[in-house]
Structures are given as C-alpha cells and as structure tokens.
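Chains as they are written, first to last, in this note's numbering: chain A, 1 to 617; chain B, 1001 to 1157.
No lab work stands behind these hints, which were simulated from the structure alone.
Using N, Cα and C, we set each Cβ at its ideal position, and we do this for glycine too.
There may be inaccurate statements among the hints.
[Claimed, not checked] Reference excerpt, derived from the structure (chain B facing chain A, CB under 8 Å, subset only): (1) A1021; (2) I1023; (3) F1056; (4) V1058; (5) A1064; (6) G1080; (7) K1090; (8) E1094; (9) V1117; (10) A1124; (11) Y1135; (12) A1137; (13) I1141; (14) G1142; (15) T1146.
Residues per chain, in single letters:
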Amino acid sequence: MKKINNTSEFNDLKRKIEESKSNQKTTITISSGTCGLARGSNHIIKAFQEELKKQRIEDKVELKITGCHGFCEVEPNIVIFPDEIFYQKLEPKDVKEIISETILGHKIIDRLLYTDPQSNQKFIYKKEIPFYKKQKRLLLENNLFVDPTEIEDFLAVEGYTALNKVLTELSPEQVIEIIKKSGLRGRGGAGFPTGRKWEITRKAKIKEKYIICNADEGDPGAYMDRSLLEGNPHSVIEGMIIGAYAIGASKGYIYVRDEYPLAVENVTRAIQQAKEYGFLGENILGSNFDFDIEIYKGAGAFVCGEETALIGSIEGKRGVPRQRPPYPAQKGLFGKPTNINNVETWANVPLIINKGPEWYSKIGTNGSKGTKIFSLVGKINNTGLVEVPMGMTLREIIYEIGGGILGGKEFKAVQTGGPSGGCIPKELLDLPIDFESLTEAGSIMGSGGMIVMDENTCMVDVAKYFLNFLREESCGKCLSCREGTQRMWEIVRDISEGKGKEGDIELLEELAEAVKDASMCGLGQTAANPVLSTLRYFRDEYEAHIKEKKCPAGVCKDLIQYFILEDKCTGCLACIKVCPQEAISGELKKLHIIDQNKCIKCGACVEACRFDAIIIK
Amino acid sequence: MDISTNKVNSILEKYGIQKKALISILQEIQAEYNYLPQEALIRVSEALNIPLIDIFGVATFYKAFSLKPRGRHTITVCLGTACHVRGGPKIVEEFERNLGIKVGETTKDNEFSLETVNCLGCCAIGPVVVVDGEYHAKTTIGKVKTILKKYQKRKGE
Chain A
1 MKKINNTSEF
11 NDLKRKIEES
21 KSNQKTTITI
31 SSGTCGLARG
41 SNHIIKAFQE
51 ELKKQRIEDK
61 VELKITGCHG
71 FCEVEPNIVI
81 FPDEIFYQKL
91 EPKDVKEIIS
101 ETILGHKIID
111 RLLYTDPQSN
121 QKFIYKKEIP
131 FYKKQKRLLL
141 ENNLFVDPTE
151 IEDFLAVEGY
161 TALNKVLTEL
171 SPEQVIEIIK
181 KSGLRGRGGA
191 GFPTGRKWEI
201 TRKAKIKEKY
211 IICNADEGDP
221 GAYMDRSLLE
231 GNPHSVIEGM
241 IIGAYAIGAS
251 KGYIYVRDEY
261 PLAVENVTRA
271 IQQAKEYGFL
281 GENILGSNFD
291 FDIEIYKGAG
301 AFVCGEETAL
311 IGSIEGKRGV
321 PRQRPPYPAQ
331 KGLFGKPTNI
341 NNVETWANVP
351 LIINKGPEWY
361 SKIGTNGSKG
371 TKIFSLVGKI
381 NNTGLVEVPM
391 GMTLREIIYE
401 IGGGILGGKE
411 FKAVQTGGPS
421 GGCIPKELLD
431 LPIDFESLTE
441 AGSIMGSGGM
451 IVMDENTCMV
461 DVAKYFLNFL
471 REESCGKCLS
481 CREGTQRMWE
491 IVRDISEGKG
501 KEGDIELLEE
511 LAEAVKDASM
521 CGLGQTAANP
531 VLSTLRYFRD
541 EYEAHIKEKK
551 CPAGVCKDLI
561 QYFILEDKCT
571 GCLACIKVCP
581 QEAISGELKK
591 LHIIDQNKCI
601 KCGACVEACR
611 FDAIIIK
Chain B
1001 MDISTNKVNS
1011 ILEKYGIQKK
1021 ALISILQEIQ
1031 AEYNYLPQEA
1041 LIRVSEALNI
1051 PLIDIFGVAT
1061 FYKAFSLKPR
1071 GRHTITVCLG
1081 TACHVRGGPK
1091 IVEEFERNLG
1101 IKVGETTKDN
1111 EFSLETVNCL
1121 GCCAIGPVVV
1131 VDGEYHAKTT
1141 IGKVKTILKK
1151 YQKRKGE
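Pulled out of the complex, with its shape left as it was, chain B reads as follows (with noise of 0.2 Å):
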C-alpha cells in the first residue's frame, strides 16, 4: 500500500504535533489505511520526536492496533463472559473452519481478517459478531455461514 506522507502529515497537524496526542494519531492512522504501516510510524516518530521503539510499545500494548495489514472486512467476534457462556468460543470455531484460519490471522485472499473483543457491551443479545462496524445478535453456528455470504465476494466483483 502507497503509504502518503501528506495524509500522515495531516493527521499529525491536526493534533498540533504534541507528544501527548500519540494515541490519537495512531488511531487515525489506523482509521486511514486498516493497520499501522511502518513509514506512518517512522513518520510520526520523527515529527514528535518520540523514539520508534516507545510508539511500537503503544502500538503493540493496545488491542485496537494491528501492525500487520486486514482483510477488507474485519469480522470481530465478542468473547466477553455473557458471550462466552452463550457459547462464544464455538462461533470463532466455525469462523475458523469456514474460513481456514485462526484469530488473528487474514485469509491469503486478503479478504477476511478475523478477530475477537473482549466485550463490545451488547452482552444481552450474544454471542455477538461484528463485521465492518455491522452487528449481528444472538449468533448460532448455524447462522456463520450466512453471515460470511453476505460479504464474500459476489462473481464478477
């Protein structure tokens, strides 16, 4: 991916390049391109004079920063207890069979990234299953193979 130094520059501009904002700029960096691309990071290291190796601590110590590229969708499936006891953990399974690989991991087709949360707070209607910002309630095994239709590529895309 062509990484815009302009676009990184914006982004540090708009938080009036202070140190303290360093989270902030790495979640609109992430906003921007899906994960974390090494020049964007080299970029704001240098411009907040922050050592490469404390923004890779930050961006490493919080779950929402990915340093490896996504997929173009991103299925987040919940794993907080009221999931986990409605049988979370057997859905990611599925995920994983379906789509043939673990949490964590994208599918080589750089279609699907998968991921779980700790809790996304909708405790009442799980197991819960988020893909691109969309939500889906009370999931069942079943009901994985036809939230995956849903956003897998049509023929002819």
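This is chain A alone, in the form it adopts within the complex (with noise of 0.2 Å):
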C-alpha cells in the first residue's frame, strides 16, 4: 500500500474502498475474540474454509473472522449478512448444514437460533434478540464489522474520517473545545472529564509531551478494552492520534496488560498498518503533524492501573504509584507532561468528532454523558459485553439484557467497579448507573466489570476474595494498606472460618477507615470498599457467620457440611465414584451416605449428582 498523503488521496481511497464494498455479497462474520476462540471458534473457521472450497462458492461468500460479538455465553456464534441470521453456539459440524441449507438454500436452520431463556422465545436475526435489542452498541456495534486484521474495513465503517476532519478543518484548541462540550469522562474508573484533561496538558509550559492509553485492564471481571482492542484496534489508535494533536504529543503508548495476548497481537499489526497507510508516523495526511505510537506490555502488577504507577512501569520500574501532584499532566512519563486515558475513553473520540458534541451529549444522563461498555457476567443468563447508554436502571440491565440469573435463582447483588467497588444489593436494582448514582450507593463505576451474584453467592467470601487480592497487590509503600489490608482480610477470614468475635464488624469499620485516610494512591483509598459495602447491605450475613457461625449461602467451608437428600437421592452410584477421599458409602439402588469425617467439602459430588440429591447446610 502506497502512504496517503493528504485529504484528496484519502477521499479516493475512501471512495474505492466503499466501491469495492458496494455489491455486498453473503457474508458470514465469525466472533473469534479470546473467549470465541477458547470455545473452539477457529474449527468452526476451518470447517467453513474447506466447506466453501469444496462448495466452489469462495468467491460467492465471504468469510470474515471478527473480534468478539459481545454475546460470549453463546460463543462460537455467527451472523450472516445481508439479513443478519444469528446462529449460535455452533460446533464443525454444524457448518455443512449452514452451507447447504441457508447460505445456498435460504433456509433457517431452527437448533442453531438464539432462545431465550425466559419466554423460550426463538430468534432469528441479531437484532431482534432482547441482549442486543436494548443495547445501543456505539462503539462494539463494528466488532461485526471489522476483520481487526484488515485496515480497509476499518476504512469501510467511517475510519480515520474524524482524523482526517480533525487534521483539515480544526484546531487543536478547537477540538478540545468539542470534548469538553461532549461530556465525555474517563472511562478507567475515576470519571474525570476528558477535554478538561486535555487542556491541561496542552497547557503544560513544556514542548515535549505524551499520551498514554492506559490498556492495563486488572479489574477482574471487566474486559471491554480487550474486546476493543482485539475487534477493532483501529478505533483506539484513531482516538490517540486526534488526542495527541489537540494536546500537542508527538509520541504515544499503548500499556497493554501481559495476560491479553490477542490484543498484544492485533494492537501491534494495526499500528504497524497504520505506519504504512500514513495516519501515524511524519507528516500525517499531509498536515506537518507528526505522532508515533508504541506498544508496552505489563508484567502482571495490579497497580499498574495507578496512571503514576504505570508510568514508572514504561519507565522500566516497580510500578509503584507516587504522590500527586504534580500530576502527568505537568510532569509525567520521563519528567514530561503526560496524558493517559483508558482504552473506551479514547474509542470513543472519533465517534464525537464525527457526529458532534451535540449528538453525544443527548445520550446518557445529566452528569454521564454518552455509552458505557460493561461486562454482564457471574451468575447470569445472558453472559457478555453489553453497551448501553448512561442511566439505565440495574433491573433492565440484568434482567432485560442480562436474561436473569442463572438457573432461576434469586438476585442477591451485583458487584461493580472491581476491588475498588462494591455490591449492589436486591433494593437498589432500579438505580440508574451512572458515575454519581453508583458512588452514592457505596460502589464506584470503574471499568465497568458488573459481576452478579445469586443466593448462593456468600458476601463474607466476596470481601475476603477482595481483601486478599488487594493485600497481594498492594504495593507496600504505604503502611496503611500494605497492613491494612493484611489485617482486615485476616479478620475476614478468621470470620468466614467461624473463628469470628464480638467486636470484629467495629474493628473492621475502623481499619476501613483508616486505610482510606491514609493511603496515598486509589488502590489503598478504595481498598476498603468491598467490606464497607458488603457491611452497609449485608451485615446480618456476618452477623450469622460471627454469633451462629453458619455460613447462609453455604459457601464458607469450615461452616458448612454436605448431605445426601433420601427422597431425592437414586443411588446411582456416581457421587461414589467422583469422591477423592472415598467419604461417600452406599449401594447400587440405595441411599448413599457422606462420612463428615472424611468429606473435604471438595463440592466433586455435587457436579456430578444428576438429581439435586446433595444439599449443602
């Protein structure tokens, strides 16, 4: 491919790729993201591959791989255009039969449709699925798309276009003057407004400055910036180049986690296409603009999150947060200023420069503004990426897109923001999600991982998971929370372990707040959250752990023991067979018995009985 150097050749470029679009021809689109591909998306590839070959329709149909459709619980799936027919957790052998009957036949093949969980409702086309229906998929809508591999389809969906209008026709103050007038804030958990951050570092009095896409993905159970950079690298590299000319950066970095090595991969090759296609490198599009991204990878540290952490970790240090200020923005990465941003902030940057401020600022709330990206998943049906606008309320998320909980349980709570947050108890389910509302309910937004939980889901066990993954990623510059947080999961565990006192739950409350005021970075001032807001919903759940010692939701194994049901119980013998300690006795046909003495509480026999026969109590 020949640079493109200025808006003309960009225009015509644009103009043959939208020709060579225009007969669109069957189309099958493959979610082949990480979680399609470790659900066996790339034998669905291959079958489709050698059934085309073997059809001779090869050049009839195309074939395109695509990062992840957001609909992970029913991976692999596909959809097919024109019409867009959704077809759903598919195996090889499935694909002969697509082929032959809808592709050739136009026939709907009805085991392979969506049905939903709760009205056993079939469905055909993508769209008219309820877990699509009520998204509005501003920014994953081009996951279906995009072959990441491939910067022309990028091209084909409006890419580079706000690059190209941002480059030719404003200033780099006037196009922090349309972020602001947006709304747009940061996506990574705090929720600063963006062009406010912008100026700041464009103001910064030295020349040399950078951006950074903060890639650093650790709050367990959200991974939306993987499934961006994954499915549609381009959208973010876009958003940096039009950051780093309105704040003035000529070089940025991509700070990717260590444990998304697809988003490695495709980050990579887009970066290396767009060098070549001339949107990074000297003199973009002809506009004596120059900018350069590189890619950085983590090592594994949860801190790294921590935007001053992070920086020391580019700079090829222990990611060890410092104090602020000064901020980046006056001092950054090598001493210089310094903007970071998260992944979906910046994805979200040429969508507002080519539909404008005004269009953005209508969706969402007073104080949110635009699309969130959260990932539904825990004990739900309809796990996966959903995309909605600010303010909807928690009940349409869960249960509307969501499908309900898993197996017909009940609710209990969601969990929001990571190690910083908190759960979201049963009463607060109609509670519009935005920045503020979530902060006042004792969680925070943060990436936007949402991780529900049913009745079986302990709270004591939740606190205590998070106690122990923040003492282990705490940095230990603080005293506070490198103690803190040590001596606040020992009292949790001690709990959940039926070695609880009166006096505990106040203890708790005083350590929470001692790690909040004393702490230097987010980390250690969040890190009280999960046991505040477990304590704030759910204090009867310790309350029966410390005085009953009994764990309600029958998680916490040193309080609970497993039974075999007699009416329910067939004797078919394969609790027997699956039980490590041979703890289980009984006979073909006849009841069969847990000796507590030998039971581990290893949850083997539960798995295996067919008939709901053990209960834990």
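Please dock the two separately framed chains into a single complex, following the hints provided.
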C-alpha cells in the first residue's frame, strides 16, 4: 500500500473502498476474540473454509473473522449478512448444513437459533434478540464489520474520517472544545472530564509531551478494553492520534496487559498498518503533524492501572505509585507532561468528532454522557459485553439484557468497580447507572465490570476474596494499605472460618476508615469499599457467621456440611465414583451417605449428582 | 539449563541496551527460558548498569516473572471475580490434589507448574483454565482430570 499523503488521496481511497464493498455479497462473520477461540471458533473457521472450497463458492461468499460480538455466553456464534441471521453455540459439524441450507437454500436452521431462557422464544435475526435489542452499541457494533487484521475494513466504517476532519478543519483548541462540550468522562474508573484533562496537558509549558492509552485492564471481571483492542484496534489508535494532535504530543504509548496476548498481537499489527497508510508517522495526511505509537506490555501488577505506577512501569521500574501533585499532566512520563486515558475513552473520541458533541451529549444522564460498556458476568444467563446509554437501570441490564439469573435463582447483589468497588443489593435494582449514583450507593463505576451474584454467593466470602486480592496487589509503599489490607483480610478470613468474635465488625469498620484516609493512591483509598459496602447491605450475613457460626449461602467451608437427601437420591453411584476422599458409601439403587469426618467439601459430588440430591447446610 | 550469553546479549541489543526497556528485556528472557535464570539477570545488570538488587526488585514486583524454573506445562487457573463466584477456587484445589503440589509449585518430574492469575478477561466463560496458552472454558471439577490427561506424557514419549 502506498502512503496517503493528503486529504484528497484519503478521499480517493475511501471512495475506492466504498465501491469495492458496495456489491455486498453474502458474508459470514465469525466471532473470534479470546472467548470465541476458547470455545472453538478456530475449528468453525476451518470447517467453513473447507466447505466453501468444496462447494466452490469461495468467491460468492465472504468469510469474515472478527473480534468478539459481545454475546460471549453463546460462543462460537456467527452472523450472516445481509440479513443478520444469528446462529449460536456452533460445532464444526453444523457448518456443512449452514452452507447447504441457509447460504444456498435460504432456509433457517431452527436448532441453531438463540432461544430466550425466560420466554422460550426463538429468534432468527440478531437485532431482535433481547440481549442486543436494548443495547446502544456505538463502540462495539463495528466489531461485527471489521476484521481486525484489515485496516480497509475499518476505513469502510468511517475509519480515520474523524482524523481527516480534525487535521484539515480544526485547530487543537477547537478539538479540545468539542470534547469538553460532549461531556465525555474518563472510562477507566474515576470519571474525570476528558476535555479538561487534555486542556491541562496542552497548557503545560514544556514542549515535549506524551499521551498514554491505559490498557492495563486489571479489574477482575472487566474485559471491554480487551474486546475493543482485539476487535477494533484502529478505533483506539484513531482516538489517540486525535488526542495527540489536540494536546500537542508527538509520542504515544499503549500500555497493555501481559494477560491479553491476542490484543497485543492485533494492536501491534494495527499500528504497523496505520504507519504504512500514513495515519501514524511523520507529516500525517500532509498536515505537518508527527505522531507515533509504541506498544508496551505490562507484567502482571494490578497497581499499574494507577497512572503514576503505570508511568513508572513504562520507565522500566517497579510500578509503585507516587504522590500527586505534580499530576502527570504537569510532570509525567520521563518527567514530561503526559495525558493518560483509558481504551474506551480513546475509542469514544472519533465518534464524538464524526457525530458532533451535541449529538453525543444527548445520550446518557445529566452528569454522565454517552454509552458505557459493561461486562455482565457471574451468575447470569446472558453473559457478555453490553453497551448501554448511561442511566439505564440495573434491573433493565440484568433482567432484560442479561436474561435474569442463572438457573432461575434469586438475585442477591451485583459487584461493580472491581476491587475498588462494592456490592449493590436487590433493593437498589432500579438504580440508574451512572458515575454519581454508583458512588452514592457505596460502589464506583470503575472500568465497567458487573459481576452478578445469586443466593449461593456468600458476601463475607466476596469481601475475603477482594481483600486477599488487594493485600497481594498492594505495592507496599504505604503502611496503612500494606498492613491494613492484610489485617482486614485476616479478620474476615477468621469470620469465614467460624473464628469471628464480637467486636470484629466494628474493628473492620475502624480499620477501613484508617486505610482509606492514610493511603496515597487509589488502590489503598478504595481498598475498604468491598468490606464497607457488604457491611452496609449484608451486615446480617457477617453476624450469622460470627454469632451463629453459619454461612447462610453455603460457601464458607468450615461452616457447612454436605448431605444427601433421602427422597432424591436414586443410588446411582455417580457421587461415590468422583469423591476423592472415598467419603461416600452406599450400594446401587440404595441411599448413599457422606462420612462427615472424611469429607473435604470439594464439591465434586454436587457437580456429579444429576438429581439435585446433595445439599449444603 | 545452559544460559547462552549470546542469546541474552542479542535480546539486550534488540532493545538498544536501554535502562527503560528493562521489563521488556526480562519478558523476552522469560519467553526464552520460561523463567529468569540468575546468570541472565547478572548479565542484564552489567549491560544496563543497573544494580542486581534493583533488577531483583522489578523481577519480584511483577507477577508474570518467575525466578524458579517452571515445568514443561504451565497450568494457569483464573481467579478473577467471575471465575471465583463460579467455583474457581474449587478447580484450583482439584488441580492441587491431582498434581500433589500447591499453587506456585512444580511437580517433581518437572512436567507441570500450577499458577493462578487474577483475571484473564474471559469472564463470560469461567471458570477458565489455560494450559500452555490453550484456553479451557467452563471448567468443572470433573473436567480437571480430562485436562491433565491431555498434557500428561504418553507412555514411551
């Protein structure tokens, strides 16, 4: 490909691409992000390639391997264009039939359709499926049309149009004004207004400046950044180039987690392609603006999501946060003014430029504009990535999009904001989700993880989980965080083991305040949230552990026992076969019994029993 | 294991022998040897003029680095929140029982190392187990033995 030197060459290329895509042929798009691959999408791809070749229709039917379609629960899935027929949970053996029946015969294969778990209704078209219907997929939808290895696919969906507009029509100050007017706030957690952040860095007196894309998506349970980087890396790159122009930076870094190998691969390739086409490098589109991006891999430290720690990590040091001010906007990477934004924030930028700040600011609530991507995971039917306008209620997200709780169980809480966030109980299901409302409820937006918990989730165990996470990830610089998270974990661990005593809850609350007040960075300042929010809404559960030595949800091992129900056990021997301790005795067709002295509560028997005959008390 | 000075040197040169590239250099060394051998760290310390103790500081700070040799296969069990609420800890225990080792250890025959990770970002299909880069979705206690069998040495191998 020849480098594009100016706007007219850019427009020519766009026209050429539009023409080549106008005679749209039947296209099969295969969702093939990390989740899809883990569920076998590569086998589906291979089967399609072979079958298309066998039927000699390779030139009539296009096979597009894309990033994640968002509906992770039903991977591997495909969408057949132009009608957008949605087939799910595919196996390689289904492929032959899809080609002969649907592609060639124009018939729908009933068993591959999605069935709504609540209404049992089947859906043929993607847009009708409740999971997709209520979403507003401004950022994620292009994952369906873009092969992340093909820059021209991105160009076909208005890619780099915003950049072209910015470089030819707008001054850096005007760009910042547009972003400010849009109301965009940082999607990484704190929700700082993006336009203002850019302005501060722009106004810094030192000439050499940097921008960073924070792709160190460390919150467990959140993976929207991975999906964007894997599925549509150019959208993030375009946002960064526009930001660099507005701020006056000549170099950008993408700091991406080591745990995301496919994202690293796709972004690395995308940067290379953007260079070849002239969107990165010197004199971009003939504008005299130079900008380049380097990718930097993290090495597995949660605290590096904190901006000053992240900067330290790029400099090759231990990722330990430092005192602010000076803020990175004044003194950041290598001592130079640095602007850091999250992946999703950068991806919003081209959209705002293309559609205008007025359009963008109409979406969402008063204080929180635009859409937000949430990862809806845990004990929920439709797990996946959902993008909704800010202000949608939890009930709509969990029941209408998410299809309700797994196995028809009772909803208990949803955890948002990762280890800095908290658990929101069912009394608050009608809470409209935005930055302010989540903070008021004792949690935070964070990067958008939503872990749904049911009646079988123990809130003391959840608090213990996060405290364990935080005590391991605390960098150790502040005593309050290093020792405080450790001590809080020990107290909650004791409670979960039945060793809790009167006064433990009060001590936890006191410690929580101290850790919050005395720690320097966000990790420590919010480390108490998982404890405080579970105490706020589920205090009785803590008390049951302490006073009655009981775990009402049946999770904490030291407080539970497994029993076999006489009226349900069929004597099938399945549990006996899987028990690693030989703790279960019984004969065929006779009641089985668990020896409590031998049982290690591993749960293998519950999993093996097909008659729900094993209960936890 | 033999540590080739040439190999370490060529990794250093690839990054222009720059201090700021320390983490990337360590990542490449680990990709080569599956852990960070002491000899390699000494060489890096000399070349970059960074005290060995600081390199040790970086190598122990980041979870991705291992100072101990790992087994032929690395099993990583995800313990992100979504995997946790779906039973991730039970999967770890089942691996520990089957392999006779604890998390962070390697089997005596050097075949398997067992590790956990805080989140792999495949939260929808948890509990997730990754063996040598290959993902296993919706793992159950019952599936653990099947996964192990896939990687266990076949007789005569």
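Now the hints, each set against the structure:
1. A1021: holds, 6 Å
2. I1023: holds, 6 Å
3. F1056: Cβ of B/F1056 sits 11 Å from chain A, so the hint is violated.
4. V1058: holds, 6 Å
5. A1064: Result: holds, 4 Å to nearest chain A Cβ.
6. G1080: holds, 3 Å
7. K1090: Where the cut-off is 8 Å and the nearest Cβ of chain A is about 5 Å from B/K1090, the hint holds.
8. E1094: Interface hint status for B/E1094: holds (7 Å vs cutoff 8 Å).
9. V1117: holds, 6 Å
10. A1124: Given a least distance of 3 Å, the restraint on B/A1124 holds.
11. Y1135: holds, 3 Å
12. A1137: holds, 5 Å
13. I1141: holds, 5 Å
14. G1142: This hint holds: B/G1142 lies near chain A, its Cβ roughly 6 Å from the closest one there, short of 8 Å.
15. T1146: Violated, because the Cβ-Cβ distance from B/T1146 to chain A comes to roughly 12 Å (cut-off 8 Å).
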